[in-house]
Each structure stands twice: as C-alpha cells, then as structure tokens.
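852 is the number of the first residue of the sequence shown in our numbering; add one for each residue after it.
Errors might be hidden in some of the hints.
Claimed, not checked - Once the Cα atoms are required to be at most 30 angstroms apart in a straight line, the calculated DSBU-like pairs of lysine-lysine come out as: (1) Lys1091 <-> Lys1129; (2) Lys1025 <-> Lys1084; (3) Lys1091 <-> Lys1026; (4) Lys1084 <-> Lys1130; (5) Lys1084 <-> Lys1143.
What the hints assert, rightly or not - Computed Cβ-Cβ distance ranges for the label pairs, DEER-style: (6) Lys1130 <-> His925: 18 to 26 angstroms; (7) Gly1132 <-> Gly984: 42 to 50 angstroms; (8) Gly1132 <-> Pro935: 34 to 42 angstroms; (9) Asp995 <-> Thr900: 38 to 46 angstroms.
Hints are computed from structural coordinates only; laboratory data are not their basis. Please read all numbers here as calculations on a predicted model, not as lab measurements. Quick reminder that beta carbons are idealized off the backbone N, C-alpha and C, glycines included.
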Amino acid sequence: MAKKRRRSTSSPQRDTAVQPNGDTNATASVDGLSTHASKKLKLLANHSTSSPFSEFLHPSTEDAQAVYALLASHTPGGAPVHNPPSANSNSATTCGHTPNVIDALIGTILSQNTSSANSSAAKRSLDSVFGQGEPSFEKMVNADRQMIADTIRSGGLANRKAKIIQEALIVVKKKHGRYDLQHLAAPGVTDERAMQELVSLDGVGPKTAACVLSFCLGRQAFAVDTHVFRLTKLLGWVPKNADRVGAQAHLELKIPPELKYGLHVMMVRHGRVCRGCKKDGSGPCPLKSWLKERSMPSDSEGGIKEDGNLGDSKSLLLGI
C-alpha cells in the first residue's frame, strides 16, 4: 500500500549559505540563503496546502484515476510500482533511482535539460573519474571545477552543472559534517521537510527534488518534466498559461498520492513514444481519444484558459 504523504506546517528552515572556492557570484539573502533559494522556499511554503490556481479544479480524482488506468492498459506489464533502488543503478538514467540520496541528486542534476543518453554518459564518466560514495564526493569538492565540467561535458550545460554539484556538496558537508543526506529517508522527516532541504540548494528546483523524493526515497511526489507538463496541458489539468513550476505545485495537490509514481512514469514513457500527441504530430493517441469521447477539448485545441503564471516562478526553472 502506498504511503500517505507526510505533511508539515512548520516554516522552511534557514541554513547558512556557503561560498565555495571564493565564489562571490551568488547573491545572499538576509537569512544566509541565496535570493534564488529563498524564492524557491517561499513558493513551497505558499503552496504546500493550497494550489497556486485555487479556482482551477482540474484534474478531479476520477479523471486522474481514469488516465492512470488508460495509460496502464497501454503499458506492458501494467502500471509500474516503486521498487527499492539498486546501488548499481545509473542515477542519471533512472531519475535518481539509487539508494544514496546524494548520488541520486547528482544524477538528477545531470539529467536536467538533456536526453537520457547524454546524462547517462555524463554520470558514467563522472563515476569513472571520481568513483562512487562518500569518498568520491570529497574528491569532487577538492577537484578543480573545470575538471568536473570536462568530465560531464557530454551531458550539456557542463560548467553550470559542475558548479551546482560542487557547491551542493560543500553546503551538505557544512551543514551535516559529512557528505550524507540519508536522514531524508527517516520516517520522521516529512515530505515537505525533505523537499525544503533539497530545494534550498542552488540549482535544485522542485522537479529535480521531486525526482529524488519519488525515485530514491520512495516518497509521494509528482515531478513535472517536459513530457508530463505537455501531457497535463493537453488533458486540461493545468491552466493554459501555467509554467512548469506552477503546474507541479498544482498537480502535487490534485493527484492522489497512490497514483503519483506510476502516473509520472507512464506519462514520461507515453510522451517519449506517442507521435499522436506531439505538436503537429499524427497518428492515434489514447489520451486524445479519451478526451474526444468525453467531448473535452485538449489544450492544443483551445481548452480551458486561465492565467497560470506565478511571476517569479519562471526563474525557478533555472533549477528544475
């Protein structure tokens, strides 16, 4: 049975920011976090219990269940279930499906804004140069940043990702005394608290954090990547003008917890292979057929319109 989402009403905790290697590019807020991290935490706090689109009622529980069942019927073996992660898993290939939380985070960072093949190659290269586990994290921190960037070049945005990884490791060590985030798996840590700690790291946005929560920690989180975003807009589950950050905040509250993992995985798979629901695509699509049977126009056909932008949230996509 899927675990119920553990909620917290406490305010996001504030941690002291660290400027690694003398880097003074990050702008610190008065509470020690970067301005960007503070904005992310504020967004999470504002929408932990209420949608950013409070009057937008879609999707209903019934619609989420219907789409889940529909996609499951088109998935070999049926709807996927979360299994304990393997230590041999390439965390960039599997969206963080590995038992070490920091390794999962690094792999998910490498998967930002690139293909699975490219991020997987970058993670293999990183492991071959630095190894795995806590000793490898120490080596990454002490390495020249350009060396890390060159090692992960195949994954794209190498300089930016090298900076994110190195600075995240330094912050974790400064806060916890070692390169370890396994405490986020403890039953007493709420989903919100785990999300807060991850997004407090510069370059780690709600989508990246949700992948770590869902795939590594087995928590009930709904990550909205490009495929999920496109399909949920097609289904009319988010306002027409919603951005990805707003869409995730909305869907996190609307999707039943027990459906989140399987629905995310099936939407990603469907989005990759179905030509019928791609922009200017052709061919059959079970989701479009379902919408037609219900006489509901898809977003691409002029569905429900509502201003769905969150203003500052677009900047948060820099750390998806």
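request  = Hint by hint, work out which the structure violates, then give me just those numbers in ascending order.
outcome  = When the structure is compared with the hints, numbers 2 and 3 turn out to be violated.
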